[in-house]
Amino acid sequence: MNYPAQPDASASRSAAMERIWMLGIVLWPSLLAACLASLLFFAAVDPLLLRDAGPRLFDELEREGGYALGFFFFWFIAACASTLSLYLARTLRPVARDALTSANER
Amino acid sequence: MNASVPGAAVSADGPFYVAAGKIYPREVRGRYARLRGAAVVLLLGLYYGVAWLQWDARQALLFDLPARKFHIFALTLWPQDFLYLALLLIIAALSLFFFTALAGRLWCGYACPQTVWTELFTWIEQWTEGTRARRMKLDQGPWTAEKITRKGLKQLLWIALAAYTGFTFVGYFVPIRGLAGQLASFSLGPWATFWVFLYSLATYGNAGFLREQVCKYMCPYARFQSAMFDKDTLVISYDAARGEPRGARRRQTLARPQGLGDCIDCTMCVQACPTGIDIRHGLQYECIACAACIDACDEVMDKMGSPRGLIRYTTEHALQGRATHILRPRLLVYVTLLLALVGGLSYLLIVRTPLIVDVLRDRNALFREVQDGRIENSYLLRIINQDDRPHRYHLLAAGLEGLTLVDPTGGRIEVPSGSVTTVSARLQAPAVVAQGVHSVTLALVAQDAPRIAVRETTRFIGPKS
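Protein chains in written order, with my numbering: chain L, 1 to 106; chain G, 1 to 465.
So that you can see chain L by itself, here it is in the shape it has in the complex:
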């Protein structure tokens, strides 16, 4: 089984672009998920209540800071899920992929 060859003239540039591309594949959908999660979560929960209930680490935090912290927390979690999805899809050996496809066709 042959794969289409990378254009060799700009192979290194293309490899770098591909890395950026994969970064985008991970970060972009997780950003959308983080926006939705923040919206739903902070509609119900006031960050100040969380601050007062939690450890004294965040005593100085304002609401704006709480929203930002929550947003980045959700983004991080969603990015972990995206990374795992990409990793699982990418490291699936072609033979396993073929087996999956033929199993579905049967």
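Please note: incorrect hints may appear among the correct ones.
[As the list claims (entries may be wrong)] Here are some, though not all, of the chain L residues that point toward chain G, as calculated from beta-carbon distances under 8 Å:
id	residue
1	Trp28
2	Asp46
3	Arg63
4	Gly65
5	Tyr67
6	Ala68
[Said to hold, decoys possible] Simulated restraints on C-beta separations:
id	chain 1	residue 1	chain 2	residue 2	range
7	G	Ala67	L	Ala99	51 to 61 Å
8	G	Gly402	L	Phe72	51 to 61 Å
9	G	Leu360	L	Leu36	27 to 37 Å
None of these hints come from the bench; they were simulated from the model.
Glycine included, each C-beta is placed from N, C-alpha and C at the ideal position.
The hints should help you fit chain G onto chain L, whose structure is shown.
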């Protein structure tokens, strides 16, 4: 060979990423370009303008995150009113589906922020760097003083516009007048600065550099909008039956006698396309339906002396020479759902009472015996006045014979607009009727507006019989 290639993202169809060339969309004139321009002026005018509108000494449209209140003109929504916001978002999504089924990607072509800001950034680019041909030449040429001036001016304008866009965006979440004052005195808070910077960066990156790549690679709607399409949906299409076989011919000559179609293969439609596709290959998901190719082609057809509309808004059924049905089950379903949701939301907003009362029973004692053998229960009332003016409320109690209210406020609970007040209240009942557990009702009524009233049911506990 079945070995996986480390470091290279390959799928069955080839590499995930193929480096895309820069697209230089050709400038077009025509009725759809004018329509798009009007949409840009209207929508961006609203975006930059509405932030400064005032309503009763406050910002008319403000999603005040620091205060956890959403002001939408006369309406003030609290976190407890999340239902309304959710309904509003569902209505917006359904409208998008409805318009997509009816007229294809109207949203993408005229109203999507990505399109609108890209259009504005492209205007600046055309103004500083010139036409498509000049821009290409400028990019290929050496760094002359002219290139530096033109590119520098473009970047300067882009950055200024992006920064103002970011500032306005944050101005919808933090009062914009205060924000402007802080900005003028260089005392902007760290979080406001951060969000202004982030949104400016997003505007600059999306409208200046990513452009069509956002639509092609990042937008989920572009991928699933085809699910709303059917053969009666308005799409932009090339009339292959009329255009083929394409080929060059002299102006003002008829195509058919020369064995040709109307398409002269001038590639103006391709050059005008902001996503870099050839509409003559049929409907493609990259097409954002901006109609630039229609304008470009119409201009060429005018010069050739052929009728306009070789590329036009049409439907698959019309292209096949069949009738187009506007009223069809899919649309009726969308319309019914939309009407039901809009009606429901309007009803909920009309009957909405701008008052919330939470009743908490005193946790320390179930009940107390007071003079005359009466039984007393204590309650804590958390009263939220969501109205935009202060109110004085009456507290009433009912549900038990001989139930009386010991009201420390003397029947005058005053709550300023948009605030929360906590008052304690005591209920007393004769011992004979108070035995066991009873349901009682506490009612709070605004003195100046009896319509604003809330009833809450709570428990009254007496000694066991």
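- Item | Hint status (Cβ of Gly65(L) to nearest Cβ of chain G, threshold 8 Å) | At about 6 Å, which falls below the 8 Å cut-off, the nearest Cβ of chain G leaves the hint on Gly65(L) intact, so it holds.
- Item | chain G contact restraint for Ala68(L) - C-beta distance below 8 Å | 6 Å, holds
- Message: Hint validation: Arg63(L) versus chain G, beta carbon distance must be below 8 Å. Holds or violated?
- Response: Status holds, d = 5 Å.
- Have a go at the Asp46(L) hint: is there a Cβ in chain G nearer than 8 Å to its own Cβ? 6 Å, holds
- Item | Hinted contact Tyr67(L) with chain G - closest CB pair below 8 Å | 6 Å, holds
- Item | Interface hint outcome for Trp28(L) [beta carbon to chain G under 8 Å] | 6 Å, holds
- So does Gly402(G) sit 51 to 61 Å from Phe72(L), Cβ to Cβ? Given a distance of about 58 Å, which is inside 51 to 61 Å, the answer is holds.
- Does 51 to 61 Å hold as the CB distance between Ala67(G) and Ala99(L), or does it fail? 57 Å, holds
- Indicate whether the distance between the beta carbons of Leu360(G) and Leu36(L) respects the range 27 to 37 Å. The hint (27 to 37 Å, Cβ to Cβ) holds, given that Leu360(G) and Leu36(L) are roughly 33 Å apart.
Hint compliance for this structure: no hint is broken.
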